[in-house]
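Chains as they are written, first to last, in the numbering used here: chain L, 113 to 465; chain S, 113 to 465; chain Z, 113 to 465.
If you're looking for bench data, these hints aren't it; they were derived computationally from the structure.
The structure presented is a predicted model; accordingly, all values stated were derived computationally and were not measured.
All residues carry an ideal CB built from backbone N, CA and C; glycine is no exception.
Incorrect hints may appear among the rest.
As the list claims (entries may be wrong) - Examples of chain S residues lying across from chain Z (beta carbon under 7 angstroms, computed): (1) Leu124; (2) Gln128; (3) Pro130; (4) Ala137; (5) Ala143; (6) Ser146; (7) Pro151; (8) Ser211; (9) Arg344; (10) Gly345.
Said to hold, decoys possible - Okay, the calculated beta carbon distance ranges per label pair: (11) Thr398(Z) - Gly145(S): 27 to 37 angstroms; (12) Glu125(S) - Met180(Z): 49 to 59 angstroms; (13) Ala336(Z) - Ala177(S): 25 to 35 angstroms.
Claimed, not checked - Example chain L residues on the side facing chain Z (calculated, C-beta under 7 angstroms, incomplete): (14) Lys156; (15) Phe157; (16) Ser201; (17) Lys268; (18) Arg312; (19) Pro314; (20) Ser317; (21) Ala318; (22) Ala321; (23) Leu325; (24) Pro331; (25) Val334; (26) Phe338.
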Amino acid sequence: MDILATIATTILEQMQKPTLSFLIAGMMLAALGSRFEVPEPVYKFIVIVLLLKVGMNAGISIRDADLMSLLVPGIGACLVGIGIVLIGSRTLARLKGVSEIDGLATAGLFGAVSASTLAAGMAILDDEGVAYEGFIGALYPFMDIAALVTAITMAKLSAARKTATNVTINAGGTMTAGGPRRAPAEDTNMIRDILVETLRSPAISALLAGLALGILARPETVYASFYEPLFRGLLSILMLIMGMEAWARFAELRKVAHAYILYGITAPILHGLLGFGVGMIAHELTGFSAGGVILLAVMAASSSDISGPPTIRAALPEANSSAYVGTSTGLGTPIAILSIPLFIALAEVFIRL
Amino acid sequence: MDILATIATTILEQMQKPTLSFLIAGMMLAALGSRFEVPEPVYKFIVIVLLLKVGMNAGISIRDADLMSLLVPGIGACLVGIGIVLIGSRTLARLKGVSEIDGLATAGLFGAVSASTLAAGMAILDDEGVAYEGFIGALYPFMDIAALVTAITMAKLSAARKTATNVTINAGGTMTAGGPRRAPAEDTNMIRDILVETLRSPAISALLAGLALGILARPETVYASFYEPLFRGLLSILMLIMGMEAWARFAELRKVAHAYILYGITAPILHGLLGFGVGMIAHELTGFSAGGVILLAVMAASSSDISGPPTIRAALPEANSSAYVGTSTGLGTPIAILSIPLFIALAEVFIRL
Amino acid sequence: MDILATIATTILEQMQKPTLSFLIAGMMLAALGSRFEVPEPVYKFIVIVLLLKVGMNAGISIRDADLMSLLVPGIGACLVGIGIVLIGSRTLARLKGVSEIDGLATAGLFGAVSASTLAAGMAILDDEGVAYEGFIGALYPFMDIAALVTAITMAKLSAARKTATNVTINAGGTMTAGGPRRAPAEDTNMIRDILVETLRSPAISALLAGLALGILARPETVYASFYEPLFRGLLSILMLIMGMEAWARFAELRKVAHAYILYGITAPILHGLLGFGVGMIAHELTGFSAGGVILLAVMAASSSDISGPPTIRAALPEANSSAYVGTSTGLGTPIAILSIPLFIALAEVFIRL
């Protein structure tokens, strides 16, 4: 009871704070049919500033970080990303009305990370005065890339397997040129292609550019005079956009199986708890901070909204984008952002902030 | 003589201040044929930030405002909006070369409010150290919606009346199905539709979102760290845009009747004086501040440049947009902004700041 | 040896500072095939803010500047602009694979000034605490316009001369109507047209608007609260864009003669040294500051990336834009920006900062 009361109070308090209240305001605007909109280039600019900020901050921190204390959460983030896709492949991908490839595409997005959700988590922790490792932004690509590569690889292998079966049935076992049986080298090539594709995606490469600048250059002055001060304000506008987008995308879900709605509602919280658990292990092993545990949970709960969808679309053109984008942007993202207070409350209970 | 000297001095001083000087610079750029332009998405972003700022500021103030001191200027703003349209319907709409519908569309825009002009007024008062009620931004929708709904309703009723007459003449008095005689329920529906349409327009809904955030949430931190500090700078760029736009639109007026030019020049000042008078009544009744009286005059003087034109276009597609947009954006807006010092000077004379 | 050591140390230090490190990060992103991009409207907005900032700053300084101390560097800037084009017409325009008109177009861009390079130079000097005349931004149009007018006029005269010869050969000496022999009045008209066209270009007119605001109005408050603080941050994003753009444009150079590559690499440094020399003369004559000498060198080294290319394209549609844009944006701009530390080091050696 005490735990539930703490959680309820934290959530209610956070609803009035800038981050969540702008998200809710965005959903309200869309729900009431407002024609308000933020132009696409402004949205992109905001995301660029946030990603450079998160990357630079991580890079500056990594410079004098103890490599061990970085490695454990890094491996943890990677495992969480893979774990979320594996869970999705055994649950969502087997539900009624969900094709295996659509299920894997959706699970891949849920395993990947949303920059806006992570930024929202950081802003909320800053507001609350909860400290976290500066390098936390560097965990983003670990989880993001691990999830996308796992999901796309599994979907391609499954498609190859099906083609193989079809070929056997239809063509009496004769192998066609460039056919389904792939040599191991081909698989390695495929994984390398996905990896390169993901690293070149706008979001990941902006984050890595920020990271490289933080590690190799000395961007502290411009970080302190521009990126850090603008961060909160731009995030508030981004939350408005995410809220409106979520409402608009949610409508698309009517066209697809109910299984996606169930997954979109429950997965962020379950994935967040998985991330929280892995974070707790890192907390015990290397003294990973409470704020770090919360942000790992937030990353796990989040689903990719910027770089993920185009990566999936490019790699798996046959997957139904209404299903995976609708589920992640329409349900996954708002629920992940709204559940940030839950993870803070859990940390209050289990780690004592 | 003394009053005129005060007014002249105030106006000249203000011409050098950022707000007005950027407006004039914009007009100069356009007049000299510069190819300088601010991209549309940047313009929209600036307007969004200004409207959220004005709305939030009003919302935060309303939280602990005395309801009575808000109600009187609110009713006043509403009456000013309706009054401007009625004046327009007896003057502009009856002038030579002006159709009734075009006259009403133009009067509707002049009754509605320009966010940039209001923001300019606020910035100038802040510069001068003249205090005004924080909730003043909340008066915007009262005047804006009242004017647009009145103008569109009058135009539609007039069109219906004409159709009725035509039908009588042409078809010998036989009523056609769904014909001109409207039941009162239809009129109510029409007004509700205009109201909903206006509330959903980008500008009004951004302002209302800011208002709701200010009243229901606690956006003070992000307001103070982002919206307030960026306000002045973004306004200066907006003034450049308004100046260029005014010059460009002014050219369109050559194609329409001279009556529009006469109206565009005199109406902002007369409407401003009307708003000033209503503000003075509120000043006497509830102690409405001098700054508040000035801003009510500024709102009355201003003509809608963001949400008004598309609302009018959607509701009255048969009206001539060159006439109403040219008159309001080409003449109404720059004259309203340039007459802000006039209202300050009047307040100095009549209220003593 | 000592000089070389100073130069090497300064360059290496600067590589880690925000300005140059963001430029290099942009080149890296493009080199690694990242799909990261900054939307065009954001790029334009950044350039507008920088140009207004530079212009206003210059305008505010000119207000109480001694006219003489302004005139000498002004004439110097003008001569450097013309000189660079003349040098280009004797070198690049006569190299193998380079047509005279393409060579002149390229030399015109190299004589013109890059706002981003100048802004980068100012930011680096601010970082280093090296003082420079506030009016330095006002030298920009002198050099820029002088170079563009010279290049376009020379190209047009050369084209007219060629047509004259062709006509003689082909048509046996009969003069066609409106033919090649131009009256002096026509030349004056042509130069006036180029001048007006250049003054109306977005970059020059934004700079002149800022200059006029600085001289005639009192924009100090908005300058200090918006333009100055945002300058560094927006510049860092602009450097990312310039870096990516440089890499992308560099690829275009493969299609044109090797002479362009040679010119693109050596010209910025040679032109910078020319500017440095002229600055030194002003330093001796009127006490022009060391920072001013450096910035004059930076302007001379830079090649126009915003207003120049469209001006050249409009005036000389027959010139090959791959050649001149590729050489200036792909090589000229990054090399000019990267050679800023060189000019600082030279000033350290020759003027003692």
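**Report entry** Numbered hints the structure breaks, given as an ascending list
**Finding:** 1, 5, 8, 12, 16 and 17
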